[in-house]
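Q: For the protein sequence lines, the chains are A and B, in the order given.
Counting in numbering that gives the first Met the number 0, the first sequence runs from 0 upward without gaps.
Counting in numbering that gives the first Met the number 0, the second sequence runs from 0 upward without gaps.
Rather than coming from a laboratory, the hints here were simulated on the basis of the structure.
All values derive from a computational prediction rather than experimental measurement.
There could be a bad hint or two in this list.
What the hints assert, rightly or not - Below are the DSS-like pairs computed for lysine-lysine, each with C-alpha atoms no more than 30 Å apart in a straight line:
no.	chain 1	residue 1	chain 2	residue 2
1	A	K34	B	K156
2	B	K19	B	K53
3	A	K29	B	K15
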Amino acid sequence: MDRKRRPDWTSGLKQLYDQVVEEPLPDAFKDLLSKLDDGKQ
Amino acid sequence: MSRPERELPERSADDKRAFKRELTEVVPHLRAFARGLCGRPDMADDLVQEALLKAWAAQDRFEPGTSMRAWTFVILRNAYLTDMRRNRFRGEYDETAAERILTAPAGQEEPIHLSDMHRALLTLPPERREALLLVGAGGFSYEEAANICGCAVGTIKSRVGRARAALTSMIEDGDIPDRAIGDPAAHRAILEELDEVAAGRGLAVPTK
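Work out the full structure, taking the sequences as your base and the hints as a guide.
A: Given below as structure tokens:
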């Protein structure tokens, strides 16, 4: 990723993307990841 | 995902822990990419869970030190195209949910009109939308995006250019078609385009 060279036209797209990135992770994902930890998957 | 078999090194417990940690770190990015691809948060999260399981199962094929985000995006993209081809999403298209998502930020003060941006994004042909998401939203280089999509760098540049032009035109003119909202003909057209993408570019190569 080269954030330094990112042109201005991406700002709206980046905001849309970042909105989701910054959302708290739903429990379903935490559950899934913990199962992976247990070697069950 | 059919890839040529090659000799894979034995992974240590440390490698596996590192893989798990990196996989966990990219989950928010996978969610953002999936949301952009398919529009619906519930579908997107299902897709991400599917991709995580596939990534976990294929962890021996991940080369430590390379980009986990790029590697998992390939898996997510392939899962998306496969699901679309299997009609998984077609019967479940939820007009009410789509409407809610596409109009969600309405009424809020947003200088760049994110709701318009999102709606316009969802009207783009899928191959252009994913190119724009990867380069514009995800911050991948053209080369990385080309690797993820399994196509030439020039193709990605062309798709991004066309997508940008279409997006700019729609937003500036305030003329965003409702093709992603409950218009059966438009929805069918999108799915047909997806079939083309899936048929023509199902051979994404592993990223570096």
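Q: Give a verdict on every hint.
A: Checked hints:
1. A/K34 - B/K156: 40 Å, violated
2. B/K19 - B/K53: Within the cut-off at roughly 13 Å; holds.
3. A/K29 - B/K15: Roughly 18 Å between the alpha carbons, so the hint for A/K29 and B/K15 holds.
Hint compliance for this structure: hint 1 alone is broken.
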